[in-house]
Amino acid sequence: MSEIEEPAGPRRVIGTPSPAPVAVDTAEKPAEPPLVTDPPNKAHASRAERLVAALFVLAFLAGCGFIAAYIGLEVGSSNIPAGASAVDAAFRSNLALGLALSVILLAIGTGSLIWVRHLTPNIEIEEERHELKSSPKDRAAFKAEFADGAAISQFTKRPLLRRTLLLATVPLALAPLVLLRDLGPLPGTSLRYTVWRKGLRAVTLGGLNPLRPGDFQPGSMITMIPQGYQDDANALAKAGVILIKFEPGQLNFPDRYSGSTLIASMNWSIDNSLVAYSKICTHVGCPVALYEQTTHHILCPCHQSTFDATNGAWVIFGPAARPLPQLPLMVDSDGYLAAASDFPQPVGPSFWERG
Amino acid sequence: MSSIIARRRHPAAGYAAVAGGLVAVGVLYSTLSGGGASAAAPAQASTQIAQGKSLFVQSCSSCHGLDAQGTSQAPSLVGAGAAAVYFQMSTGRMPAKELGAENDRKPTEFTEQQIYAIAAYIASLGGGPAIPTAAQVSTEGANTALGEELFSTNCAQCHGFAGAGGALTYGKNAPNLNASTPTQIYTAMLTGPEAMPVFGDGTITPQEKRDIIAFITDTRNEPNPGGLSLARTGTVTEGLLIWLGGLGFLILIAMWLTARRRDHAMSERGEAEHASAEGIEVEKTEAEHTEQRS
Amino acid sequence: MSDEAVKIPKALDGLGGWFDDRFHGARGVRVLMRKVFPDHWTFMLGEIALWSFVILLLTGTYLAFFFVPSTQEVVYHGSYTKLNGIQMSQAYASTLNISFDIRGGLLIRQIHHWAADLFMVAIFAHMLRVFFTGAYRKPREVNWLIGITLLLLGMIEGLFGYSLPDDQLSGAGLRIFQGVLQGIPIVGTYLAFFLFGGEFPGNSIVPRMYIIHVFLIPGLILALITAHLFIMFWQKHTQMPVLGNTERNVVGQPFWPYFVLKGQAWFFFIFGSLAVLATFAQINPVWLYGPYTPLAISSASQPDWYMGILEGALRIMPSWEINFLGHTLTLSVLIPFAVPLGIIFTGAALWPFFEQWATGDRSEHHINDRPRNAPVRTGTGVAAVCFYGILWAEGANDVLADNFQVPLYTITWIARIAVIVVPIGAYFVTKRICLGLQRHDTSLLTHGVEIGIIKQLPDGGYVEEERPLTPEERGKIDSKKVPLALPARGHPDDNGVPAPSSRGVMGWARGVANRAFTETVAVPDGHGNGHGHPDGHEAIEGPEHAGVGAGEPGESGEHGGEEQ
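Protein chains in written order, with my numbering: chain F, 1 to 355; chain G, 1 to 294; chain E, 1 to 564.
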């Protein structure tokens with residue numbers, strides 16, 4: 001049921017091809033050689049051919065350039081002169097190789113584009129769509145054969161077979177899930193506790209210096225970690241704290257309880273002016289590090305959860321639902337800052353068993 | 001001159017005239033406005049402190065009070081220290097443009113010597129952190145690896161991983177660090193200007209401060225080996241570029257690739273010959289097809 | 001015109017024969033060679049994704065020769081001297097090695113990452129094209145579902161891919177991922193501990209992401225792409241509603257040589273654009289981010305663009321947590337994680353079936369719709385794009401705040417309101433615009449096209465001259481197909497039985513939906529029978545097209561509904 005349509009004049013939306021003056025047969029009929037194999041305008045075509053050839057030659061030259069740049073431009077401090085910057089070398093190499101590669105690819109692409117648009121005749125053909133639905137005869141035959149096969153297999157006639165097969169495969173299907181059990185340990189209570197304990201000194205991250213209260217000035221903030229754990233990323237991911245020092249009187253909040261557990265208290269600060277909060281955001285665990293001295297807000301840069309540092313890190317904006325846990329501080333016998341105990345509540349993001 | 005007059009009716013003449021006028025006004029303005037009024041030197045500046053005091057009274061006391069004791073508009077500077085004065089004034093933040101809003105870096109109105117004088121005066125009132133010496137801010141032998149650790153833990157959350165700056169709350173922002181001198185970086189850490197926390201020498205030692213300064217200066221001077229830096233803000237600019245530049249460019253190419261083809265015109269005679277030859281062929285072909293179809 | 005047939009070289013002829021002897025290919029490959037691919041630039045968007053994926057495979061293989069997927073700590077002493085002495089994972093160190101010590105390493109790395117971004121861009125652009133032209137309709141629903149699955153797989157693949165180098169930025173993203181997992185009720189902590197092999201960060205996540213990223217997901221994507229292409233091949237591509245295109249034909253240029261040549265050009269252009277980007281635009285400069293440590297974070301921390309909607313959802317959410325019976329349900333985390341993407345993915349997956357249900361249209365469609373002719377679909381699509389876009393922009397709120405001097409919280413508040421109001425408004429505005437365009441089309445049919453010549457009439461009035469439409473223009477406008485109106489509720493058939501599909505709440509809902517879908521601008525008589533066949537062919541839909549529960553065929557013909 002195919003027909004040839006006489007395409008009309010050239011008024012078309014950009015991007016749609018114009019109809020060709022020649023309609024060609026569909027695939028169903030015996031093969032006929034295409035009537036036209038060359039583009040209509042010979043002079044234009046040879047101009048186009050020269051342009052495409054020039055582009056391909058350009059690609060070739062760029063390809064040679066690529067290989068030359070690869071051989072000639074070294075990278076890495078062991079290959080470049082002593083004292084030279086490896087970053088500079090990487091920049092030069094990237095630029096040279098990249099430029100060469102870009103030229104190769106774009107030249108071949110442009111050449112191919114001009115080739116197909118200007119060196120081929122403007123042929124358009126039409127193909128018939130087959131009915132996607134099978135004929136009723138085919139469908140019936142399929143159903144019949146399938147039913148026959150099912151009958152032969154005895155699958156439908158012997159429910160005991162069916163059911164025991166199902167029974168046999170159920171554990172097999174579950175086996176991969178069961179095998180995944182040892183992917184990791186059970187959470188247990190590990191999310192509830194950190195490594196902080198009474199007397200464990202706090203040291204600065206990076207410098208690993210223990211600090212005394214006198215090292216702080218009003219307006220100070222610094223990140224501190226438990227002494228000895230600087231290489232333990234798992235410990236740091238829960239135990240990192242920020243210490244903030246206020247002017248006298250600025251830090252002011254009542255004791256807070258979660259159920260019967262005391263979770264925030266001025267008594268846990270040093271001199272009612274130096275306080276330690278968990279650096280792990282209670283939203284989804286980013287380090288909440290952005291402290292604004294003027295507003296006393298601690299802002300987490302990930303999702304803008306904002307905590308009031310003078311008010312026990314109470315949430316004042318953003319998605320976090322709980323204040324930052326406070327770490328009870330004490331001064332040890334040498335005068336250095338240390339934890340007075342672990343956090344009174346789990347740090348970090350909420351979880352189902354948290355309570 | 002005559003060549004200009006000869007071109008007066010050129011289509012671009014109007015634009016050229018306006019552009020020329022703008023340039024002239026701009027040059028005139030910058031010449032006349034000068035580099036900012038420098039305060040008239042006091043008659044006797046016998047000591048640095050005295051000079052500083054007189055400069056202070058002239059430029060700062062209207063907000064900070066005659067004895068730097070503070071007013072409702074500006075805080076007391078007693079105990080603020082020379083370092084704070086140096087930072088605020090050398091970055092041009094002080095004298096403040098407007099009250100209350102965050103002060104951004106702007107060209108300073110004072111010479112280095114004048115700033116030192118005012119700093120000395122303020123220091124004389126109540127002590128406070130001193131301006132670091134050149135040796136104290138020297139990055140010779142600094143450990144940039146430690147600087148990276150400290151910067152990323154204590155600074156990057158506001159200033160960005162490469163010091164490109166970042167947003168704070170209520171319209172404030174942490175500035176980029178491209179223009180900050182080592183002394184300015186040091187004094188900023190030391191004094192905690194505006195919303196920035198204080199990083200005193202107790203919490204970040206002087207050597208650690210030098211490591212941080214080395215990291216900042218190394219990073220900002222480092223070339224971008226991968227091409228344009230895209231403002232070193234991360235993935236937001238990358239995403240913009242792939243949509244507008246990547247997809248946009250490819251859509252244009254796709255339009256070119258699939259656009260209507262023009263069968264390029266030949267000479268008249270060639271066209272006529274071509275048409276007559278083709279015309280007969282085409283008709284015959286269609287007739288053949290119609291035949292085969294039925 | 002010289003039309004010489006090409007003489008096939010003997011070697012090629014022999015080779016072809018050798019294969020044909022074994023594979024019986026002559027007829028099949030002949031069909032392939034003559035296969036018609038309709039030509040429109042919007043049909044090339046999916047190919048961008050295809051070629052980007054190929055480039056990802058090639059560049060990814062190269063990177064895999066050098067990357068070490070291990071979190072074992074090493075002290076760096078390499079070419080990037082600024083970080084000498086720092087402890088970092090081998091994954092990070094090997095990435096620095098690729099960038100600074102391997103010639104072409106940085107280029108290939110950047111091509112790989114730009115290609116990943118472009119892959120996702122192309123999937124979205126292609127998906128939007130398919131949606132707005134209704135190309136997901138029968139028989140292509142399965143292909144649509146495959147496409148949505150590819151979108152999801154692409155997002156996860158990209159997430160794991162950029163997290164492999166274990167740098168500060170992607171590590172923060174992993175922390176967020178872990179925190180979100182942890183918050184899932186009942187199983188959350190177990191999921192998090194099993195995936196990470198214990199507490200965060202642990203030592204297992206990088207090697208596990210690696211095998212998922214280089215093997216598991218690419219395998220799945222490859223299989224689904226193959227199925228996607230095969231289905232498209234088998235069912236033949238859709239075509240634009242242009243004169244000459246019918247539901248029974250495919251018009252275009254033959255595969256051999258046109259599509260091969262165009263495909264070649266397109267591949268090189270895509271690869272070339274990626275090479276240009278990789279040369280001139282730095283992407284993912286991990287050396288600037290530094291190695292991941294759990295206590296460091298940067299301002300402007302955003303994931304790659306296609307995860308931006310999740311990031312924005314997390315930022316837009318006000319704080320909300322429910323504590324009960326010793327358990328915590330952290331809605332601040334769960335709602336952003338599940339709801340926006342859930343709406344978009346589920347909505348997209350169900351849409352073809354929803355449309356079928358609402359319009360009762362079970363016929364095959366091989367001609368694309370013009371978006372204006374499907375106002376509800378287009379309006380819904382625009383609303384979805386607005387929803388997605390607002391959340392995406394909110395994901396960059398601190399960058400916007402910093403660069404446009406708008407206070408941070410203000411942006412979030414604007415987004416909170418806009419995310420509800422703007423999609424709803426966009427739906428109505430878009431629908432009205434579509435109906436307005438339809439009205440314009442109708443007036444073109446009745447009045448013709450204005451040609452810019454103003455005539456003065458004898459009585460002094462001015463009128464613009466018009467010309468009648470060309471057959472092309474007419475064909476395009478006539479291609480409009482209006483869904484049939486289903487029998488209204490409460491209109492029983494001759495025997496007093498109400499249509500079963502119109503009963504109950506679902507029936508009422510279906511009626512509401514159907515009325516929305518059938519709202520259209522009436523086409524003047526004699527043009528377009530609602531089935532859009534300008535060549536006068538009978539609609540192939542026939543009885544299938546009638547609404548469910550319709551009585552006589554004549555009764556269901558309420559197409560060309562009321563003009564609103």
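Warning: the hint list may mix true and false statements.
[Said to hold, decoys possible] Once the Cα atoms are required to be at most 25 Å apart in a straight line, the calculated PhoX-like pairs of lysine-lysine come out as:
1) E:Lys-236 x F:Lys-137
2) F:Lys-137 x E:Lys-138
3) E:Lys-7 x F:Lys-133
4) F:Lys-133 x F:Lys-143
5) E:Lys-138 x E:Lys-7
6) E:Lys-7 x E:Lys-35
7) F:Lys-143 x E:Lys-7
8) G:Lys-97 x G:Lys-172
9) F:Lys-133 x E:Lys-35
10) E:Lys-35 x F:Lys-157
11) F:Lys-143 x F:Lys-157
12) E:Lys-138 x E:Lys-35
13) G:Lys-106 x G:Lys-172
14) E:Lys-138 x E:Lys-236
15) E:Lys-236 x F:Lys-42
These are calculated hints, taken from the structure and not from any lab test.
Evaluated hints:
1. E:Lys-236 x F:Lys-137: holds (24 Å)
2. F:Lys-137 x E:Lys-138: holds (22 Å)
3. E:Lys-7 x F:Lys-133: With Cα atoms ~41 Å apart, Lys-7 (chain E) and Lys-133 (chain F) exceed 25 Å; violated.
4. F:Lys-133 x F:Lys-143: At roughly 15 Å apart (the allowed maximum being 25 Å), Lys-143 (chain F) and Lys-133 (chain F) satisfy the hint.
5. E:Lys-138 x E:Lys-7: violated (44 Å)
6. E:Lys-7 x E:Lys-35: The hint holds at about 22 Å.
7. F:Lys-143 x E:Lys-7: violated (49 Å)
8. G:Lys-97 x G:Lys-172: Holds: Lys-97 (chain G) and Lys-172 (chain G) sit about 15 Å apart, inside 25 Å.
9. F:Lys-133 x E:Lys-35: holds (20 Å)
10. E:Lys-35 x F:Lys-157: violated (47 Å)
11. F:Lys-143 x F:Lys-157: holds (18 Å)
12. E:Lys-138 x E:Lys-35: holds (21 Å)
13. G:Lys-106 x G:Lys-172: holds (16 Å)
14. E:Lys-138 x E:Lys-236: holds (13 Å)
15. E:Lys-236 x F:Lys-42: violated (35 Å)
Against the hints set out earlier in the document, violations occur for numbers 3, 5, 7, 10 and 15.
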